[in-house]
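J.: Dock chain V with the ligand against the given chain G, drawing on the hints supplied.
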Amino acid sequence: MDEWRRLQPRKAGPYKVVGKPLPKVDAYSTVTGRAIYADDIILPRMLYGGLLRSPHPHARIISINTRRARELPGVLAVITGEDLPRKYGILPSSQDETALAIDKVRYVGDPVAAVAAVDPDTLEQALSLIEVEYEVLPALMSIEEALARPDVKIHEETRNGNIHKAVSYEFGDIEAGFAAADYVREDWFYYEGNNHVPIETHACVARWEPDPHNPIGGKLTLWSSTQTPHYVHREVSKVLGIPPSHLRVIAPHVGGGFGGKSDPFSHEICACELARRTGRPVKITCTREEVFLIHRGRHPVKMWIKTGVKRDGTITAMHFRSFLDGGAYGSYGVATTYYTGALQPVTYALPAYKFEGMRVFTNKPPCGPKRGHGTPQPRFAVEVHLDKIAADLGVDPIELRKRNLVRPYSRTINGLRITSCALEECLDQVVARSGWREFHAARLAREAEATRQSSPVRRGMGLALSTYICGAGKPIYWNDMPHSAVQIRLDRGGGVTVYCGATDIGQGSTSVLAYIVAEELGIEPERIHLETADTTLTPVDLGSYSSRVTFMAGNAAIQAARRLKELLHSVAAERLRLPPDRLESGDGFIYCVDDPQVALSFEQAVQLAEARYGALVAAGSYAPPEDIHGDFKGAGVGPSPAYSYSACVALVGVDIETGEVKVEKLWLAHDVGQAINPLLVAGQVEGSAYMGYGEALMEQQIFRKGRHKIPSILDYKIPTTLDTPEIETILVGRPDDEGPFGGKEAGQGPLLPVIPAIANAIYNAVGIRIDEVPITPDKVLRALKAARSEPGERPLPPPRVTPIVLNELWPARLIRWSPEQREPRPDPTNGHHQHPRQGESAPHGAASTSSQLPQKGGTA
Amino acid sequence: MLRLPPFRYLAPRTLSEATRLLAEEGPQAMPVAGGTDLLPNMKRRQFTPAVLVGLRRLRELKGIGGSPDVGVRIGAGETLTSVSNHPLIRAHYPALALAAAAVSTPQLRNAGTIGGNILLDTRCNYYNQTEFWRHSIGYCMKRDGSICLVAPGSPRCWAISSADTAPVLVALQARVRLVSVRGEREIPIQELFYDDGMRPYTREADEILQEIWLPPALGWRSTYLKLRRRGSFDFPILGVAVALRREPDGRIGDARITLGAVASHPVEAEEAMARLRGQQPTPTLLQEVATLAAKRARPLDNADLTITYRKQLTPVYVRRALDLLVEAEQGSGAE
Ligand SMILES: Cc1cc2nc3c(=O)[nH]c(=O)nc-3n(C[C@H](O)[C@H](O)[C@H](O)COP(=O)(O)OP(=O)(O)OC[C@H]3O[C@@H](n4cnc5c(N)ncnc54)[C@H](O)[C@@H]3O)c2cc1C
Numbered sequence: 001m002d003e004w005r006r007l008q009p010r011k012a013g014p015y016k017v018v019g020k021p022l023p024k025v026d027a028y029s030t031v032t033g034r035a036i037y038a039d040d041i042i043l044p045r046m047l048y049g050g051l052l053r054s055p056h057p058h059a060r061i062i063s064i065n066t067r068r069a070r071e072l073p074g075v076l077a078v079i080t081g082e083d084l085p086r087k088y089g090i091l092p093s094s095q096d097e098t099a100l101a102i103d104k105v106r107y108v109g110d111p112v113a114a115v116a117a118v119d120p121d122t123l124e125q126a127l128s129l130i131e132v133e134y135e136v137l138p139a140l141m142s143i144e145e146a147l148a149r150p151d152v153k154i155h156e157e158t159r160n161g162n163i164h165k166a167v168s169y170e171f172g173d174i175e176a177g178f179a180a181a182d183y184v185r186e187d188w189f190y191y192e193g194n195n196h197v198p199i200e201t202h203a204c205v206a207r208w209e210p211d212p213h214n215p216i217g218g219k220l221t222l223w224s225s226t227q228t229p230h231y232v233h234r235e236v237s238k239v240l241g242i243p244p245s246h247l248r249v250i251a252p253h254v255g256g257g258f259g260g261k262s263d264p265f266s267h268e269i270c271a272c273e274l275a276r277r278t279g280r281p282v283k284i285t286c287t288r289e290e291v292f293l294i295h296r297g298r299h300p301v302k303m304w305i306k307t308g309v310k311r312d313g314t315i316t317a318m319h320f321r322s323f324l325d326g327g328a329y330g331s332y333g334v335a336t337t338y339y340t341g342a343l344q345p346v347t348y349a350l351p352a353y354k355f356e357g358m359r360v361f362t363n364k365p366p367c368g369p370k371r372g373h374g375t376p377q378p379r380f381a382v383e384v385h386l387d388k389i390a391a392d393l394g395v396d397p398i399e400l401r402k403r404n405l406v407r408p409y410s411r412t413i414n415g416l417r418i419t420s421c422a423l424e425e426c427l428d429q430v431v432a433r434s435g436w437r438e439f440h441a442a443r444l445a446r447e448a449e450a451t452r453q454s455s456p457v458r459r460g461m462g463l464a465l466s467t468y469i470c471g472a473g474k475p476i477y478w479n480d481m482p483h484s485a486v487q488i489r490l491d492r493g494g495g496v497t498v499y500c501g502a503t504d505i506g507q508g509s510t511s512v513l514a515y516i517v518a519e520e521l522g523i524e525p526e527r528i529h530l531e532t533a534d535t536t537l538t539p540v541d542l543g544s545y546s547s548r549v550t551f552m553a554g555n556a557a558i559q560a561a562r563r564l565k566e567l568l569h570s571v572a573a574e575r576l577r578l579p580p581d582r583l584e585s586g587d588g589f590i591y592c593v594d595d596p597q598v599a600l601s602f603e604q605a606v607q608l609a610e611a612r613y614g615a616l617v618a619a620g621s622y623a624p625p626e627d628i629h630g631d632f633k634g635a636g637v638g639p640s641p642a643y644s645y646s647a648c649v650a651l652v653g654v655d656i657e658t659g660e661v662k663v664e665k666l667w668l669a670h671d672v673g674q675a676i677n678p679l680l681v682a683g684q685v686e687g688s689a690y691m692g693y694g695e696a697l698m699e700q701q702i703f704r705k706g707r708h709k710i711p712s713i714l715d716y717k718i719p720t721t722l723d724t725p726e727i728e729t730i731l732v733g734r735p736d737d738e739g740p741f742g743g744k745e746a747g748q749g750p751l752l753p754v755i756p757a758i759a760n761a762i763y764n765a766v767g768i769r770i771d772e773v774p775i776t777p778d779k780v781l782r783a784l785k786a787a788r789s790e791p792g793e794r795p796l797p798p799p800r801v802t803p804i805v806l807n808e809l810w811p812a813r814l815i816r817w818s819p820e821q822r823e824p825r826p827d828p829t830n831g832h833h834q835h836p837r838q839g840e841s842a843p844h845g846a847a848s849t850s851s852q853l854p855q856k857g858g859t860a
Numbered sequence: 001m002l003r004l005p006p007f008r009y010l011a012p013r014t015l016s017e018a019t020r021l022l023a024e025e026g027p028q029a030m031p032v033a034g035g036t037d038l039l040p041n042m043k044r045r046q047f048t049p050a051v052l053v054g055l056r057r058l059r060e061l062k063g064i065g066g067s068p069d070v071g072v073r074i075g076a077g078e079t080l081t082s083v084s085n086h087p088l089i090r091a092h093y094p095a096l097a098l099a100a101a102a103v104s105t106p107q108l109r110n111a112g113t114i115g116g117n118i119l120l121d122t123r124c125n126y127y128n129q130t131e132f133w134r135h136s137i138g139y140c141m142k143r144d145g146s147i148c149l150v151a152p153g154s155p156r157c158w159a160i161s162s163a164d165t166a167p168v169l170v171a172l173q174a175r176v177r178l179v180s181v182r183g184e185r186e187i188p189i190q191e192l193f194y195d196d197g198m199r200p201y202t203r204e205a206d207e208i209l210q211e212i213w214l215p216p217a218l219g220w221r222s223t224y225l226k227l228r229r230r231g232s233f234d235f236p237i238l239g240v241a242v243a244l245r246r247e248p249d250g251r252i253g254d255a256r257i258t259l260g261a262v263a264s265h266p267v268e269a270e271e272a273m274a275r276l277r278g279q280q281p282t283p284t285l286l287q288e289v290a291t292l293a294a295k296r297a298r299p300l301d302n303a304d305l306t307i308t309y310r311k312q313l314t315p316v317y318v319r320r321a322l323d324l325l326v327e328a329e330q331g332s333g334a335e
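Same order as they appear, the protein sequences are chains G and V.
Per the working numbering, numbering through the first sequence is continuous, rising by one, with the last residue being 860.
Per the working numbering, numbering through the second sequence is continuous, rising by one, with the last residue being 335.
Since the hints were derived computationally from the structure, they do not count as laboratory data.
Certain hints may be false.
Coverage of chain V stretches by chain G, computed from C-beta distances (three or more under 8 Å per stretch; other residues unrestricted) [stated by the list, open to error]:
id	region
1	133-142
2	209-223
3	264-270
4	301-307
Quick list of in silico lysine-lysine cross-link-like pairs, DSSO-like style, CA-CA up to 30 Å [stated by the list, open to error]:
id	chain 1	residue 1	chain 2	residue 2
5	G	Lys153	G	Lys87
6	V	Lys311	G	Lys785
7	G	Lys709	G	Lys104
8	G	Lys785	G	Lys665
9	V	Lys295	G	Lys779
10	V	Lys311	G	Lys709
What you are looking at is a predicted structure, and each value in this text was computed from that prediction instead of being measured.
Each residue gets a CB set at the ideal place from its N, CA and C atoms; glycine is no exception.
Chain G on its own, in the form it takes in the complex (with noise of 0.2 Å):
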C-alpha cells in the first residue's frame, strides 16, 4: 500500500494512448470469428456432457435408476448426486447448492445427474434413458406464496420459514428526520427481474491428465466461459477435493457475462468429474433454455419506500424496504440484498436513513446478480418515487434532485467514502443537451398540435440520476491478499508479455491492460502480448464482476509498469548522460524531456536493463484502501475506492390508442473520470442503455405451472437493433484521484438511470405511473383506458407485498448506526458466524460478508 502511494501522482499527460479511441485488442479476431469460445474448443478423445434437470419445481426424489443409460453403448459415465455430495456456492455464508441434486430438486432445471457419451446423440439418449421417481412437493412460486408458506420449507436450514436473508439497518435518526419533514409520501414499487441473455450460452471442457506419481492422482484442466475463474477455481477445488495447486481454470473468450457467468455451476463441476472418473476429455454446452433455467439472473424485487422532505424539496428521512424472490439457490443473493438499500444515500445526502431488506427462497431459477447487482431496482423505486413528490410539491424535478445531490469528498450517512463526483454536472449536461426546459416549456402547444392532427401518439421527457460502484471494497471471501495483480515480462528483443488474471467478458479488460502499460513503458500496445483469466498462469485477479477490473487491475498494471520503467531509466540515464528525471517513455522510446533527440530505443533500454538487472519481470498489485466503510456487521457491501455517477433523459412517445412505448432517444451522462478508451465507454454507456431499455419495456421473466413460460429467445424479447433507441453519451468528469488515470467504472451505472427516466417520461406523456417493471403496452393500455374511466376498466392493483403488516418487527436484529459512532456495536449474533476451516463444507453458513466487517472494523 505504502509501496503504491509512493508511486503516485500518475503520469503527466498528454498522453499517448490512454484517452485514445483506439480499436480493442482483439477486435479484429472476434469479427471475424477467429477468437475461440469455450464451446469451439475440441480435444482429441473428447467425450460430450450434460446434464438430466428436474421437470418439476420443488419435489423429493425417492429413486434414481441410471442403469440403462449406463448400459447404452457410447456412455461412457454416469454420475448423480450421490457422486459429488459436497455442498458449495459462490458466497462462503450461502453454501446451499450440489452439483447434482440430492434427495431433493427446487426448480425446474435443478440437475439430477450427468452423463458422459461418445457424441451429443448417444448423449441424448442416454439422458431420455434415465429413470428418476419423484414425490412432488408444493411449489412456491412467489414472495407472497414463500411467506405465507412457512411450513412449505425449501431449504431446511433456513431459521424462519422461507427467509433466506432478512436485514434491518437504521442511520442517523430516522424519526427525527420523518418529524422534520413538511410532506411524507409513501409508495410500493415492483421490478420483475429478467435473464441476462449473454449471446453466448455457458460452456465448458473440462480434461484431466491422469499421473499415478503423483499422489492426487493427475491434474486437471478447466476451460469455462466464466466471469470469475478465480471463484470457480476454489469451488470446483473444493467439491472435487482436488487440491488448487492440481487445478487449472481458465475463461477463453466470453461472449457476454453481465453477471449470469458469476458463479460456479453444476455444469462446470460435472464436466471435471466426468472427466476425471473416464480419463477423457468432457465438453458440456448449455442450450439457451439451459441458460433461462441456470439463471442466476435480476431478483425480481418488491419494494416499499417512504420519504419526507422539506417543502422545497430537501430530503429529511428515507426509509426503504426491499423484498427479493431469491428463487431456489442462495447465489449471490445475500450481497444482492444489502445492495437493494446500500446505495441509496450514494446519490443522494440522505441526513436518515432506515433499510430493511429480505431475500426469500422460491421454486425459480436461482437469481444472482445481474449488471447493477442490486441496484437498479431500487434505483427504478427512488427516481419515480422522488418524481411523484416532485409533482406532488409543485417543485421542479431537476431541483427537487439538486437540492439533493450528494457532494464529492463526502461521507454518506452509513459510512461510505465518497470521493471524486460529478453528479452534478452529469445532470446539468442531460438537461442541456435534451433540451428539456425547452421541451417541457412548449408541453401546452405539443399537446395541441397532437390533437389537431388527431396523432396518437404523445411525446414525453423523463430523468433519473444513478451512481454505482469501481468495484466492490470487499471480496467476497474474507482475506488480506490483493484483489488483483499484474506481472510484466520483458523480452530482450522488445517483447512485452502482461499476465492478469482479469477476465475479458466482451468490455474489453484485455484491451484497458495494453493501453495502460502501452502508456506507461511508451510503446504502442499493438506490441504487448496478453495472457489472461487462467488460474495458472497469470496471478489473481477476483473476477469480472462489480465493475472493478479497470479500476483495480489498471491500478496493478500502473504498479507492475512502473517497477519495470524504473529500471530502463536507470541504464537509459546512465547511457544518456542525464538524471533519470529528466527522462520520459514515448512511440518506443525513452528520451530527454528537453530535447527529445537524445533518445534511446525501447529495446536498447531493454537489452541494458536485462544486462544489469538479469531477466526483467515485475508484478504489481492492487487492494481497495481501508477506511471507506462504517464499522458495523454488514458495511462490507456498498463500499468502492471510488464511485461513478450518471445522469439519463428519455424521450418517448406512447400511442394512446395501443400503449405501445417508442423510446425515441436517451441522453446518457457518464462520469467515468478519465476513460482510458472513450470508444470502449461509449460501447460500455450504448450497451447499458441498450440493456436498460430492454429491461425497462421489454423482458418478462414470467412463469407458468412452475415453469419459465418462455424460455427461447424468440418468446424472451430482448430488443433488436430496430428497436433501440437513439444514444448519445456524453462523458463529463475529471480524473479520479485513485483510479488508473483516473479512470472509473462504465459497465453497469449507465444502465441504472434508463428505466426510471423511461418510466418518468411515460408519465410526462400521458400522465400516467406504471409502478412495475417491465412496462409492457399491455399495462399501459390498462392504465390509460383506466384513467379514461372506460366501462369495465381497473387501475393495475399496487404491487404491495402481501399479506404483510408493515408495523410487524422485521425478522431481523435492527441494527443503528450513525457517522459519529464509530466503535463497533458488540453483535450478539456474530457468535454463529465462524470462518470455514481449509476444507471444510460450511454447514451452518460460515462467514457471510456481513459478519466479517465487526473483526475488521476492530482494526480500523
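T.: Relative to the frame of chain G, chain V with the ligand by itself:
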C-alpha cells in the same frame, strides 16, 4: 445445442420425382423448403419425419411473373425476400410485399419460402417449446398428449395460424395449385385452411404446393399491419390484411378484411366487409366496421401479451389499416 432427430434426406430434381418420392415414402415423409419452420420444430420434436424431401431444386416451384391486368403467378419455392422485393408485387399487391417483409429476420427471409410460410405449422406457447419443457408441463394434444393446455375443457386444439402472408393471400383472393401423383388441383386459398390447430391444412401428405395465383389487381389497394413487440423476429400476434376497390364516385366497390393470428386459420371479417360495400368511407363508418371486424378475434392465452390486449388492439389495427388505404387514395386523388 438442440439436436435434430435422425432422418433421410432426398433431393429430387423435378416436381414429378418429388411427388413420386412423397407417395412412395408415405406419411413418414415431409417436404422441406427453406426449413426455417420445420427444422426448429424437429429439434423440439414436434415433428420426427423419417424422410425429408427437399424442394430446393425444383424449377417448377420457382419464378414470379404476370401483370396487374391478368394476374401474377408466384412459385411456392420463391423466398420471402424475393417476394417482398419483386417490383410487380410491390407496386400492385403491396400488402403481400409488406407481409413477406414483416416475417422474422432478413436471414430467415432469405431462406424461408412463401410456400413454407403458407403451410407454417400453427403456433401456441404451450406447444412451441422443447421436448424437456413439454415433458415437464405435460404434453398437449397437438403432440404426444391428449388435452389442450390452453383450454383444458376443450375437445379441440387452439394453436394459432401465425403466417404473415396467409391473411393477405386470403384478402387478395389468391388461388393455390397442389400437385401429387394422384393429380393436380387448383383451389381458392381459403379452402386450404381448416379451423383446427392440429390439422390446419387440407393439403394431403403427398401433395406439393406448386404455385400461388394472384387475381388481376387493377383498381385494388391493399395493406397489411402486424402487431408484434419488436421490429424484427417476432411472429404476428395480430395480422390485419385489407384490400379495397373504390368506385369512381369514392364509394367502396369491394372490400376484403382478413385477420391473422386470431384463430387456427386466417379469419375473414364478412360482416364488416358487407357493411363497407357500396358505402362512402366516413370516419364513423370505418370505426364501426373496425369494431365489427374485431368481433371475429377471439384470442386465447397462448401467445405473447394478454388476451385482453390482443382483443382490444384488433379494432384499432383494422381502423388504422382502413384509414391508410382511404387516406392514400384521397391523397393521390383516387384512381
Ligand atoms: C425465429 C423465427 C421467427 C419467425 N418469424 C416469423 C414471422 O414473423 N412470421 C411468419 O409468418 N413466419 C415466421 N417464421 C417462420 C418461417 O421462417 C416462415 O414462415 C417461412 O416462410 C417458412 O418457410 P420455409 O420455406 O422455411 O418452410 P419449411 O420450414 O421448409 O416448411 C414449413 C412447412 O411447410 C411444408 N412445406 C414447405 N413448402 C412446401 C411445399 N411447397 N409444398 C408442400 N409443403 C410444403 C413443410 O413440409 C413444413 O411442414 C419464423 C421462424 C423463426 C425460426
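J.: Is Lys709 of chain G within 30 Å of Lys104 of chain G, Cα to Cα?
T.: 23 Å, holds
J.: For the region 264-270 of chain V, does the count of residues with a C-beta closer than 8 Å to a C-beta of chain G reach 3?
T.: violated (count 0)
J.: Verify the proposed pairing of Lys153 of chain G with Lys87 of chain G, using a straight-line Cα cut of 30 Å.
T.: 18 Å, holds
J.: Does Lys785 of chain G sit within 30 Å of Lys311 of chain V, going by the straight-line distance between their CA atoms?
T.: 14 Å, holds
J.: The region 133-142 of chain V covered by chain G? Criterion: 3 or more residues, Cβ-Cβ distance below 8 Å.
T.: holds (count 4)
J.: Would you check the hint for Lys785 of chain G and Lys665 of chain G, treating anything up to 30 Å between C-alpha atoms as holding?
T.: 26 Å, holds
J.: Establish whether the coverage given for the region 209-223 of chain V by chain G is satisfied; the threshold is a Cβ-Cβ distance below 8 Å, and no fewer than three residues must meet it.
T.: violated (count 0)
J.: Taking a Cβ-Cβ distance under 8 Å as contact, does the region 301-307 of chain V have three or more residues in contact with chain G?
T.: It holds: at least three residues are needed, and the region 301-307 of chain V offers 3 whose Cβ sits within less than 8 Å of chain G.
J.: Measure nothing beyond the straight line between the CA atoms of Lys295 of chain V and Lys779 of chain G; if it is 30 Å or shorter, mark the hint as holding.
T.: OK: Lys295 of chain V and Lys779 of chain G at ~22 Å, within 30 Å.
J.: Does the alpha-carbon distance linking Lys311 of chain V and Lys709 of chain G stay inside the 30 Å limit?
T.: 21 Å, holds
Checked against the numbered hints listed earlier, the structure breaks hints 2 and 3; every other hint is satisfied.
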